[in-house]
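Model the full assembly from the supplied sequences, consistent with the hints where possible.
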Amino acid sequence: RKEVEQDPGPFNVPEGATVAFNCTYSNSASQSFFWYRQDCRKEPKLLMSVYSSGNEDGRFTAQLNRASQYISLLIRDSKLSDSATYLCAVNEGGGFKTIFGAGTRLFVKA
Amino acid sequence: EAGVAQSPRYKIIEKRQSVAFWCNPISGHATLYWYQQILGQGPKLLIQFQNNGVVDDSQLPKDRFSAERLKGVDSTLKIQPAKLEDSAVYLCASSADSRYNEQFFGPGTRLTVL
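Chains as they are written, first to last, in our numbering: chain F, 1 to 110; chain S, 1001 to 1114.
Among the clues, some could well be false.
As the list claims (entries may be wrong) - Listed below are several chain S residues computed to face chain F (Cβ distance under 8 Å; list not exhaustive): (1) Gln-1041; (2) Gly-1042; (3) Leu-1045; (4) Gln-1048; (5) Asn-1051; (6) Gly-1053; (7) Asp-1056; (8) Ala-1088; (9) Leu-1091; (10) Phe-1104; (11) Phe-1105; (12) Gly-1106; (13) Pro-1107.
Claimed, not checked - To spell it out: a stretch of chain F is covered by chain S in this simulated footprint if at least three of its residues, at any positions, have a beta carbon under 8 Å from a beta carbon of chain S; those stretches are: (14) 44-56; (15) 96-109.
What the hints assert, rightly or not - Here are the computed distance ranges between Cβ atoms for each label pair: (16) F:Lys-45 - S:Ser-1027: 12 to 22 Å; (17) F:Gln-31 - S:Ser-1066: 23 to 33 Å; (18) S:Arg-1016 - F:Arg-1: 30 to 40 Å.
No wet-lab data here; the hints were simulated from the structure. We put the beta carbon where it would ideally sit given N, CA and C, even for glycine.
Structure (structure tokens):
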């Protein structure tokens, strides 16, 4: 089992739709969790951090389920500009390395 | 606030040649990371520095890759000799707090090995 696994995608959704991505992790000692957005041929950019049960920022909501060892990202009212690859990242804390998932591609169409 | 700077942005070399990448992190960020990202995959950590000490280099192919962070600021990553499978984007990132690890990435160096 991979340390961090994401929905393979791609997700093709119309503008205005709600879409959710899941990310599972194998290390139960993981302490911090992140969602990054990566546009084509660009660097990853931090979208949200999740340290407790969840986080919300405008149209974006991240939730953490420690019992089932997954985090999710919900995007409401999708915009064309949301089209990108969404990377899940998990850190064990204490300065240990952050492990990235392979990413989920999202295409939002008009 | 200036972001993470990397150079060069693109590099094309032949196999068995050597190449070096440079990274300047965000001012004041103690932790610096080098990642390798192959097309279609997530970034893979190669090495993590805390100030000028190595925290994790378990996935660094030490027979050909080396990295240093002198004076705890800039860092260089070197590959010698390069192989075809080293073709990837090399991303540098930095974070202020290694505990929570919110990382900020530079634009990357796209390496093509022919």
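Outcome of the hint check:
1. Gln-1041: 5 Å, holds
2. Gly-1042: Where the cut-off is 8 Å and the nearest Cβ of chain F is about 3 Å from Gly-1042 (chain S), the hint holds.
3. Leu-1045: Leu-1045 (chain S) check passes; min Cβ-Cβ to chain F is 5 Å, inside 8 Å.
4. Gln-1048: 6 Å, holds
5. Asn-1051: 11 Å, violated
6. Gly-1053: 11 Å, violated
7. Asp-1056: Cβ of Asp-1056 (chain S) sits 5 Å from chain F, so the hint holds.
8. Ala-1088: Hint violated; Ala-1088 (chain S) Cβ to chain F Cβ min 13 Å, cut 8 Å.
9. Leu-1091: 6 Å, holds
10. Phe-1104: 7 Å, holds
11. Phe-1105: Hint holds; Phe-1105 (chain S) Cβ to chain F Cβ min 4 Å, cut 8 Å.
12. Gly-1106: OK, holds: Gly-1106 (chain S) within 8 Å of chain F, min 6 Å.
13. Pro-1107: 5 Å, holds
14. 44-56: As far as the region 44-56 of chain F goes, the hint holds, because 5 residues have Cβ atoms under 8 Å from chain S.
15. 96-109: holds (count 8)
16. F:Lys-45 - S:Ser-1027: 12 to 22 Å: 19 Å, holds
17. F:Gln-31 - S:Ser-1066: 23 to 33 Å: 30 Å, holds
18. S:Arg-1016 - F:Arg-1: 30 to 40 Å: 37 Å, holds
The structure fails hints 5, 6 and 8 (numbered hints given earlier, in ascending order).
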